[in-house]
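With chain A's structure known, arrange chain B with the ligands on it following the hints.
The lines below spell out each chain.
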Amino acid sequence: MSTPVLDVRGLAYAYPDGHQALYGVDLHVHQGERVALLGPNGAGKTTLVLHLNGILTAGAGSVSVSGLPVEKAHLQEIRRRVGVVFQDPDDQLFMGTVRADVGFGPANLGIKGPELDRRVMHALDLVGMADFVDRPPHHLSFGQRRRVAVATVLAMEPEILVLDEPSSNLDPASRRELADILRSLDVTLLMVTHDLPYALELCPRAVVLSDGSVVADGPTYDVLTDDALMRANRLELPFGFDPRTVGPRP
Amino acid sequence: MGAGHGHKLHFHGHSPVHRAPAHLKILTLLAFMLVVVATPREWYPVFGLYLLVVVAVIALSRVPVTYILKRCVVEVPFLFFALLLPFVATGPTTEVLGVTVSQHGLLAAWALLVKGTLGVLASLTLAATTEPQELLRGLERLHLPNQLVQIMAFMVRYLDVVTGEMQRMKVARDSRGFSARNPRHWPVLARSLGALFIRSYERGERVHLAMLSRGYTGRMPR
Ligand SMILES: Nc1ncnc2c1ncn2[C@@H]1O[C@H](COP(=O)(O)OP(=O)(O)OP(=O)(O)O)[C@@H](O)[C@H]1O
Ligand SMILES: [Mg+2]
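Chains as they are written, first to last, in this note's numbering: chain A, 1 to 250; chain B, 1 to 222.
Everything labelled a hint here was simulated from the structure, so no lab data went into it. Glycine included, C-beta positions come from ideal geometry on N, C-alpha and C. A hint or two may mislead.
Footprint (simulated), chain A over chain B, 3 or more residues, beta carbon under 8 angstroms [what the hints assert, rightly or not]:
# : stretch
1 : 124 to 138
2 : 157 to 164
3 : 196 to 210
Not everything, but these chain B residues come out facing chain A in the computed CB check (under 10 angstroms) [as the list claims (entries may be wrong)]:
#  : residue
4  : Y50
5  : K115
6  : T117
7  : R214
8  : G215
9  : T217
10 : M220
11 : P221
For reference, chain A alone in the conformation it holds in the complex (with noise of 0.2 angstroms):
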């Protein structure tokens, strides 16, 4: 096979305050692959995606990126591979305008001009806000500027699309057209996400990840219909919704 996009090899990671976050995480992504990372509040996913661009270090095991250890040494050139979208848009939008705030990855990997110009509109197209370009980002609705903190990631041009909780917040229809955005994306994805329902229509592939272990690596229709281990790992799927009506996604 392939160098995998995404290689965590036995990751393990305690806070400064002692809190061990993750005990040796295996995950293996591979190009064009769209998985969902599930797991209880508290199981450690947001701690995992920090991993994955080098803002936490590793205390044991190893992340490298298409073949590329996550290392000091070469931070820049992972965090123009992984791109992460952080689940408070707030956080991520800090420029005065849409522009300058899709602008600002590429920038800082020292495009400029016309390609800067070329990289921002394509990704707002990509996410239908190119309209909005010159707006500053917090005057735009809460489905807007997620949209805009895809956006933001997209100009870099990663690899590995990392998404925590993207669908958090949003009204069904918003939830519905980043669902849309998203698929269309010839990207690998890797998404956080409490939205099961969600996990089923994006992506054929979910690992659950359970006090900080993989407790389950497989496709996303099984992990769902699995009720011994869904009971196990406090997931529950939302009333009314059933993955064996809905079928497992070609």
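Frame of chain A; chain B with the ligands shown alone:
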């Protein structure tokens, strides 16, 4: 969510004053203020002239005068102080409407009143006719150190978020029976201020992480 719509000081328009380059407006405001402050306070008619200039600019900008006047309330504490001066200052006294007041104090109050009001009016006119983004770009063009401009840009960006947060905390407080009138509840105010500080600080950290994630290395891209 927290973000309100439109900055509270800006009045949208397309007048020549709106269109003038921001850095020119900032320089003009600065020069105007310096001249006003440097003018001896006894030159009474000259201040009338200054006021005329400000009013002319406001008229040209087509920002309603009431819009500007309403926002003049920021000056009220200073006015209060100015009104106090004639009564607390010492020296030779004079009589105004049957009340004995200090001459020095009266003159000082006049100066504070007129110079302060002119400054506030002129600044509000700048704020009403210039988008915050433009203002920042203007400061940049005037070669204000880049770090300072960035700090101001972040302030503009997160002002709404933080005031929104403050507003939500107030709603949460009031919903649970808090009353700002009751002195026994005041310690809660101090604690929520502390909480607001911690929240803003942690948001700062998260924003920094988000910046690092997009390749920030300590310098803003140009
Ligand atoms: N800064 C920190 N310092 C100490 N412990 C932390 C810190 N951040 C998180 N933790 C702890 O690490 C564990 C994993 O947290 P993490 O944020 O990764 O969970 P999560 O799976 O993202 O949860 P959620 O679904 O609620 O977002 C939790 O027990 C949490 O209390
Ligand atoms: Mg989390």
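Violations among the numbered hints: 4, 5, 6
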